[in-house]
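**Student:** These protein sequence lines are chains P, A and W, in that order. Okay, so the first sequence: first residue is 12 according to our numbering, each after it adds one. Okay, so the second sequence: first residue is 1473 according to our numbering, each after it adds one. Okay, so the third sequence: first residue is 110 according to our numbering, each after it adds one.
The set of hints was computed from the structure by calculation and includes no laboratory data. Where is the CB? At the ideal position from N, CA and C, for every residue including glycine. Possibly wrong hints are sitting among the right ones.
[To be verified] Covered stretches of chain P (in silico footprint by chain W; criterion: 3 or more residues with CB under 8 Å from a CB of chain W, positions within the stretch not fixed):
1) 274 to 283
2) 327 to 339
3) 342 to 351
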Amino acid sequence: MTSVAATAPAHGAHHAPQSFWRKYIFSTDHKIIGIQFLFVSLFFLLVGGVLAMQMRWALGFPGKPMPGAGLLPETMATNGVILPEYYVQLVSMHGTFMVFFAIMPLLVGVYANFLIPLKIGAHDMAFPRINMASFWTALLAGLLMFTSFFVPEGAIRSGWTNYAPLSARPDLSGVTIGQQLWCISIVVLGLSSVMGSLNYITTIINHRAPGMTWFRMPLSVWALFITAILGVLALPVLQGAAILLLFDQTIGTHFFDPVAGGQALLWQHLFWFFGHPEVYILILPAMGMVSDMIANGSRKPIFGYHSMVFAIIAIGFLGWIVWGHHMFMSGMNPTLGSSFMISTLVIAVPSAVKVFNWLGTMWRGNLRFHVPMLNAVAFVAMFTIGGLSGVFMAATPVDMYIHDTQFIVAHIHYVLFGGSLFALFGAIPYWYPKMFGRMMDERVGKIHFWLTFVFYNLTFFPMHILGMGGQMRRLYDPTQYDFLKPQQPLNQFITISAFLLFASQLLFAVNFLWSLKRGKKAPLNPWEDNGLEWSLPSPAPHGNWDRAPTVYRGPYEFSAPEAGNRDYLPQHEKLPTDREPASATAPAAGH
Amino acid sequence: MPHATATADLMRPPFPAEPGAGVYSSKLGMWVFLASDVMFFTALIGTYIILRFGVTEPWAQPGAVLNVPLTAFNTFLLICSSVSMVKAYAAIADGKKYFLRAVPGKTLRDGGLKFWLLVTMICGAAFVGVQVVEYIKLVGHGFTPTGYREGSLLAEHAAANAVRYGAATGGLYGSTFFSMTGFHGFHVTCGVISMTYLYVTKVLPEKYSAQDYRGIEVIGLYWHFVDLVWIILFTIVYLI
Amino acid sequence: METVAHKRPNYVAIWGYLFVLTVIEVAAALMSHIPKHWLILILLFLAIWKALLVAMYFMHLRFERWRLRVVFMVPLPLAAILVLATITEKIW
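The following block holds chain P by itself, in its conformation from the complex (with noise of 0.2 Å):
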């Protein structure tokens, strides 16, 4: 390859024209299956958030009629009150939308699925057709997961982390049918993100372009490539769990049952095996895609991109033997609850690693606060945020008195909502110009950014003090306790604020979707930025490049010197002063 100036390379190789199924429906195009879990994801992250609505009513106004309940049955909400049985459905399915068909799939199923091949270099995954099977897989378990509120009894109602005995005992929870599609759906979607992982990991390791070297790879790739661990090796224990669950509450075994011989804590200990490492996939990517963005914005190298790469690795590491951190109350032996606090504690500093890095890139840097920017600098605060409550938590002695209470949703939502979210309404708009050729609303997205963020902070900083003071989880009636109740007007301020942000999402909604046909349309690197995916067409063709491109750099070469007048230099761009990797003309040595 001896282009130099900024040229689109040879466009996608020539098929046949495809029917409408096989390019848009059936498609193995990796950039179409990203999309597709896009459409998808955030559907179901609407669904959580109107699950939110109906249990921020009834905390903030316990027993008044919510509107728009005479939609709902009579198990539901009697005279427009919601009932405590479905308070806690409301609780356990916003959780299970949010972190399994939401969050997941909008970090991984989308991001990792549309950027890995592009940013590496290679014309698709491995196993492309793995990779449909692993979306039409994800929805399925989506699908059955919805369904379990239209059946009798409806959806479970012991918390996303569905703990046995409760979820194993029909004649305890009141739920048959839906905590069965509970299990199966988790199955399925285990599945699913096996499949997925098994791609992400295998592309990234062998179908690098020649020149793409591991640590020229953008911290964006990094991050799903270790997200894939993860994902491939927590989520079939999970899997394996929910099957032992799933015996328990249908053929009558007692795996979970004390009462038999079985053990409750060890539900607990497989799922939050597979828990704790399913959160750091649920940030790993956020970390990524924004230390990309960062870059970008401030015009600067990452700073330290060694340490931030050793920082995500010591992170996927640790996150294995700190499960035990949610289970502090649970009776567990406390000698290894101990070594869970001193694990939990130390995991705390890879993460400080990597903020301390943000700053350092942005510091000097000649900022462009573009949509994505600022998303990601409010990452990276709210992130900070939700790790500091973290250190409180991991502190057994402190967890005691917040475990289970507002304190710890305050956490997770800071970290969720204030990280991953953040950081995806910064890397949807940043994509969205390779993915559909258009840009969305520059204008629009500020608005959206700052109400945003007022609202989630004023929705969520709450809760902290709600949780110090008592405010249990997953409480159908706050004002049932006296001594909650002096707090209650804190409940109502949550909860319209929360209404407020839930009504600003529609701006992204109606940008998002405008812009699909009306939006502005896109230039080649509209971000001027150095990525691969950059130097080819807005939207990207199938097959993505005719031959690999080489890579001569790494990917933050901001404001480099050699770069002439421009303050970006791209990573395939051949500057006279390059050599040609040795792999672009030789297999690997060795063999």
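Given chain P, put chains A and W in place with the hints provided.
**Tutor:** Then chains A and W, alone, in the frame of chain P:
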């Protein structure tokens, strides 16, 4: 890969590309899948170990309920199928696409891919068959996933000799036994079905050659893994 | 084409070893006068030996690069950590 500059040897890593795992992608993919399958079996086998360590009452003694000699034979059968699988792999690596071929000077004919893979499939199917028969007999005698069925033969034995039959932990014994061996059997069945599919669509029409037998190597890895898991299972479920 | 050149192992010999080890295992299990703890150790040792034979020779891990061996090795300590940690609930 349809677009990449074609390599002469499909069993090498993709080219042009940075050095990766050093093996072609389907092989790497299968190894990653096997790593995830280890974690799946960890959940099931781990549950068994954890629950068994956790009970205070005695567990059933080996051989009391389960038929150890029959299962030992079954284990031998699966090991044989693993050997025939690797012989199939070696055969196609040498380009032997045929079924059997006479070799001058030797009484036994030389087996090719078609022969050895068929042996593997038959042994695998036989393993599943024996397991199914064993299951039927066990359930008939009263050993179920929820323990000793009331009024059954085994329930009587358990009442007479609580220690030998682990009467108090019969429920967990049954649950863990059937979940572990059941899912293992499911894995074997999937393997046999996949092999049958490959046999019919690729092996019989002689689509594999010494230059490209990736499918055989990949299914072989899966098959050996399934054997490996059984080696562990046989020991900790039947013998301990 | 092998990815790393090596002499092909004698599969029939490995099969022989596996057969012998299985016989020893079953015999040991049926010999009820061995104390339980020793028996468990012996049986586990034999099982792991057989598993290693299959992994090393039939799955060719003996002749593959470390990069590939690592893929299979990574889940093993994780499995051990999960099981050992959870066992401490009841026996510590």
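**Student:** Against this structure, judge whether each hint is valid.
**Tutor:** Cross-check of the supplied hints:
{"no.": "1", "hint": "274 to 283", "result": "holds (count 5)"}
{"no.": "2", "hint": "327 to 339", "result": "holds (count 3)"}
{"no.": "3", "hint": "342 to 351", "result": "holds (count 4)"}
Violated hints: none; the structure is consistent with every hint.
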